[in-house]
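J.: Here are the chains, one letter per residue:
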Amino acid sequence: MSSRTLPLLFINLGGEMLYILDQRLRAQNIPADKAKKDSTIAGWIEEDRRRVMNDIITTMFNKKFLEELFKPQELYSKKALRTVFDRLAHASIMRLNQASMDKLYDLMTMAFKYQVLLCPRPKDILLVSFNHMDAIKDFVKDTPSILSQVDETYQQLIEMYTPLCNGEFQLIRQTLLIFFQDMHIRVSIFLKDKVQNSNGRFGLPTSGPVPHGTQVPGLIRIFSCTGEEKTRLQFNNGGNYTSAIREGSFEIFGDRVTKLGTNMYSVSRPVETHMSGTSKSSTQHTKVNTAPNPLAKEELNMLARLMGGLEVQKAGSSDTAFRVNLFATDEEEEEALITRPDELSYGIINIQATKDQQVSAELTKIMGEFTDSGHQSPSSSSKGDDLLAMMDDL
Amino acid sequence: MFHKEKSIQIKNSASALYNNLSVLRIAPRRLTYFTVVHANVVNMVSASWDGLNYSHRQLQSKEPNVATSTSLIMQAAFCVLPSRELLVVTSQKGIQMYESDGSIMVYWHALDTPETPTAQAVFARGIAAVSENYVCVGVSSGAILVFDIPSKGSNITLSEVLEEHKESITDIAAECSGSQECVANLVTVDDGGSLCVWKSGEEFQLLNKIAGLDISCSSVKLWKGTVVAGYGSGQIRIYEAVTGILQSEINAHARWIYSLDIAPFSGLLLSAAEDSFVRVWHLSVTPETNSVEVAHLHNECVTDTQICGAKFCDGDGYAFAVTGYDLSEIIRYTQT
Chain D
1 MSSRTLPLLF INLGGEMLYI LDQRLRAQNI PADKAKKDST IAGWIEEDRR
51 RVMNDIITTM FNKKFLEELF KPQELYSKKA LRTVFDRLAH ASIMRLNQAS
101 MDKLYDLMTM AFKYQVLLCP RPKDILLVSF NHMDAIKDFV KDTPSILSQV
151 DETYQQLIEM YTPLCNGEFQ LIRQTLLIFF QDMHIRVSIF LKDKVQNSNG
201 RFGLPTSGPV PHGTQVPGLI RIFSCTGEEK TRLQFNNGGN YTSAIREGSF
251 EIFGDRVTKL GTNMYSVSRP VETHMSGTSK SSTQHTKVNT APNPLAKEEL
301 NMLARLMGGL EVQKAGSSDT AFRVNLFATD EEEEEALITR PDELSYGIIN
351 IQATKDQQVS AELTKIMGEF TDSGHQSPSS SSKGDDLLAM MDDL
Chain P
1 MFHKEKSIQI KNSASALYNN LSVLRIAPRR LTYFTVVHAN VVNMVSASWD
51 GLNYSHRQLQ SKEPNVATST SLIMQAAFCV LPSRELLVVT SQKGIQMYES
101 DGSIMVYWHA LDTPETPTAQ AVFARGIAAV SENYVCVGVS SGAILVFDIP
151 SKGSNITLSE VLEEHKESIT DIAAECSGSQ ECVANLVTVD DGGSLCVWKS
201 GEEFQLLNKI AGLDISCSSV KLWKGTVVAG YGSGQIRIYE AVTGILQSEI
251 NAHARWIYSL DIAPFSGLLL SAAEDSFVRV WHLSVTPETN SVEVAHLHNE
301 CVTDTQICGA KFCDGDGYAF AVTGYDLSEI IRYTQT
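Protein sequence lines, in the order shown, are assigned to chains D and P. full-length UniProt numbering puts the first residue of the first sequence at 1, with every later residue one more than the last. full-length UniProt numbering puts the first residue of the second sequence at 1, with every later residue one more than the last.
Chain P with its partners taken away, still in its complex shape (with noise of 0.2 angstroms):
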């Protein structure tokens, strides 16, 4: 179904961390940006479609006009919003935000963070882009922070800041579908395991509430509607998103997941795990009758690797990309 096609080198190896891979086309250039965790330095390469040029960019993580702060990055992601699309750089000292290929900061957040270290650790994690204008940071306290994106310029502004998780947040997802009935637009989950449900606006509305089962859940989408969650014991469940009716669960990994992502055009689902397995998955939703239907489609094996990143790199699930600890490259894989 898929096979495996020239990998991207990068110029470090990816660290072990959730959701570390993200991924931006452009269709108007034919480029495709990816972005990579190391430690404290964001791996930015961009891609030509015709994979004849290969550009690269190395973001560090710092407080502007800081000269030696350092702190070690949680998590880049590409926000992708109707006027414009930023990359968005959580570390442990605060949350950094960029024109999407790197080029200028456009704005920086600081977290609190105390004199001497706590036994709780602080840092930034989860990020997603919400409706026209939002985009939604996790924060080690299970706080999520909101911040208002103007169309353009450095304008941003903390928004709101919703407190309802107790646990570290691990990951955020706005509804991909693009269909705007969706009640529900925006899932966040935590080291607990807990699923909060929101619906965005000016206050940020709290829908549903699914209790966490003491299994950290590591990697979240939404989807017409429908939460998919990946967690620390391999399983994958899905749940209506509004009333939190568990639809299906799926013993998908023999490791923690690292890694979710849907494309929202075919339902295809992929995972990716510690366990050194890709799985491609086929999720279709019929929401007049709350029910979905999950086909298991393809595996794909990067061997003796733990996998920390998975991405889409189309709405269709045309192609995929992995990136794995310790490994200086992104593997590429594209349907035959």
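Isolated chain D, as found in the complex (with noise of 0.2 angstroms):
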């Protein structure tokens, strides 16, 4: 299907897990024997969380890594981009157990798929991207270096994405759509709004604006041979729709219109998924291929180009690195990692990076770009085989 999904895929769901996270940053307490003293503590916190966005962010848009995203290919499979999503959510101080990890990246894939398919316009799905990338760049306004980097990916993807037909977006949509299928998890914020019915289904509602571009229906036209008009006749279209509203700018700045892509989360509207009735009755699942995939080889190479450019951060000091939990409590964590449904569960692609010949040496060809490019590396061998043996840990 279409080979330009990848960049609107990763972006829009790195803008969700930014959300995600910063709502979770700002909620959760700073243990006790954290505190300094009592008048350092609303610093100390505000300074851990801007850090924590501005190092994934800083990850997100590296340059060499975009510039391997932006590349036309395939969509990768679902683990594969959990994959990436993982390494990303870790490129900070800051620490997921599984069980977080899974219901951070179930919350991202059900946000973007209820954006997808509820764009009026297969094109609207830029505009979408653009409101989240609108985010990202107010997360950054402080930081001169990053807000460069985000900038240049805006102009990118106009560059990319504007001269494109309906058509052509429309076979975007779809690719995503292929990704998203039968994917019906619950979210709560979604229930809460009825915007997701109880089996998991998004609500497509039959009234409000039609798209720009698009009449209200209800008008039939007939023409005589020379283009005058005969007939005009009225039907009922079951719905309850209204004229077209203006239409998002697709510049780098300006008014999109659209509230989908926007951030949903807020400290008071805690985020929660519920794993319990989904996996019954309104999925069929496609069966579990367990034969070894020989596709996989191929999957792994580009794997390991994208992730090459994904620079990761040292773990750090035990008291500098913070655990993050998307439950309310550790126990909740816990009991959702044993309970989560075996269907559910994502697999992530172990990469046997320093055992297998051919993709290591992908790796180390591009260890040795990064070198090239300036980074700060003691030896880049040494380098190359921490960043191997931090594949084979993912």
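Fair warning: there could be bad hints in the mix.
One-sided excerpt, in silico: chain P residues whose CB lies under 8 angstroms from chain D [what the hints assert, rightly or not]:
{"hint": "1", "residue": "A39"}
{"hint": "2", "residue": "A119"}
{"hint": "3", "residue": "S131"}
{"hint": "4", "residue": "N133"}
{"hint": "5", "residue": "T170"}
{"hint": "6", "residue": "S233"}
{"hint": "7", "residue": "I245"}
{"hint": "8", "residue": "Q247"}
{"hint": "9", "residue": "I250"}
{"hint": "10", "residue": "R255"}
{"hint": "11", "residue": "F277"}
{"hint": "12", "residue": "N299"}
{"hint": "13", "residue": "C301"}
{"hint": "14", "residue": "D304"}
Hints are computed from structural coordinates only; laboratory data are not their basis. Every residue, glycine too, gets a C-beta built ideally from N, C-alpha and C.
Fit chain to chain and form the complex, with the hints in mind.
T.: Right under this line is the structure:
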């Protein structure tokens, strides 16, 4: 299908991830043993949160990484993409347990699925992407170096996507919908807002404004062979539609008009998912293919090239790294890990990079490129070993 | 006018692809075949008319004799020729043709796929059987491949490549009224909304080209010399095929149209879109006066579903079937 889908998938999922992490970081209490003098506690929290957000955003918009991302290519499998986001989430001093990472990924994917489905026109996916980009820009507005990376990405998006016709956008949308096929995880916020039904499916309203470029259904016009209108008939469209509203802006700055892709979380609206009941009736699964997939190597190579651009921060000493929990308590998080239905587990790719000659050669090559671009590294070979070892841990 | 019948369950949910339902009525055996595409699999169901027997089959898109190749399927459609019936499946890698029950693959045509992916996607989409012995298939480059089909066997050959469209082909339709009088018997449409009208033969002849208005045309039908086209804007436009004169414009749907169908004996028209609605219309064409009449008859709303396929199950339009994105069933409606 479309070979231009991956950048949009990545940026929008990344944007959702940042919304969720930002909310959790604000909501999470700092344990008492981390507290210094009373007056500096607030400063510590704010500083850490900003640092985590900056670190993740810097990694997301790494030049080499984006170069790989924007190349024409088929979409990654769910497993492969999850691996990329695992890596991204750990690009800072923040740590997430598997259960929290699973939940984070569930929320990200269901949110973007919702946005793709509800886009009035396929082209509006670009507006959704710009909403995410606008928010990311706001997260880093005080850090000029990262801000310029984000600005460059706007340019790339505009260059790549604004010339596309609406049929090509529909192909991108269809490709994304195949990626999200059969995912019906229930999300608390969606259930509360009644945009998602209790069976996990999203509500598609038959009312409201029609998309830009579409007329409200109801009119039949018949023309004579000279082009004059001969007859006009009305019919009942069965819905409650209104005329289209103004179109959102496709420039770097501008009113996007649509709310899809803006931050729906806040400190007072915590994020939760319900795992029970989703696997029973509504989803029918294609048989899980347990045979070794010869295409996996191809995908691993692509993944290795992509991840070569994701420079991972050192974990840091134990008192500076801190854990973020996406659940209300540690017990809930443990419980979630144990009770997660099998068919919903993501099966992270275990890249046995050090043992696979071809993949490691690829990675060493990328590491070599890294040193050339001026990144600090004690010596390229030891950094390469670090990276390979880290990938084995994923 | 129509009421809902018992749905047919399918093994996978339908993918969001244009014209994602094909129906073949086999009267002598009192059976109907349905095909629905899910990613790289075609789900086939054979349903007996008494509603008691259902059998399922799944076809994968892959090159013959290559164990691992896999590609996403764009469309699966039955092609009915006087001598035989085929099931044609188009994907990113190529075109497969099966006997209509999906039991044997009789032909494989590989597309020129580049080594490394290019910005322009490569795939085949748009399938129609034309006159006695041709099956036409569209390609993402805008080309139309014309295959010559013998009355039996697998000696299928590529007879011609028609290069007129500049954008990806979205749908192809052959004249379905059964009338031999129509000069034009094929229409092809693309992502830019351009329509080409052809006359089939040893060399296909382009009779007319109707320029698009940059709105993708996702589904098209040709009946009694009249082109009925569904667009991404939700409009249906009706043109006289040979002259290209616009005869009617309908603001039919609030979202992108995904499927059109015509019941050739009655002139019933079916339209389905992402807006959850299936609409039934009546079309009448008077070729002598070059005029058409369109009446809206009925709406069905498939709640919370973006419809991707809708087809009549018989030539009179007595019953129709519908598929939707993420739905694992074929919903059926019959006239009351």
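J.: Now tell me if each hint is right for this structure.
T.: Here is what the structure says about each hint:
1. A39: Holds - the Cβ of A39 (chain P) comes within 8 angstroms of chain D, reaching about 5 angstroms at its closest.
2. A119: With Cβ-Cβ at 5 angstroms, under 8 angstroms, it holds.
3. S131: violated, 28 angstroms
4. N133: N133 (chain P) check fails; min Cβ-Cβ to chain D is 31 angstroms, beyond 8 angstroms.
5. T170: Hint holds; T170 (chain P) Cβ to chain D Cβ min 7 angstroms, cut 8 angstroms.
6. S233: holds, 5 angstroms
7. I245: Holds - the Cβ of I245 (chain P) comes within 8 angstroms of chain D, reaching about 5 angstroms at its closest.
8. Q247: holds, 6 angstroms
9. I250: holds, 5 angstroms
10. R255: Holds, because the Cβ-Cβ distance from R255 (chain P) to chain D comes to roughly 7 angstroms (cut-off 8 angstroms).
11. F277: It holds, given that the least Cβ distance between F277 (chain P) and chain D is near 6 angstroms, below 8 angstroms.
12. N299: holds, 4 angstroms
13. C301: holds, 6 angstroms
14. D304: holds, 5 angstroms
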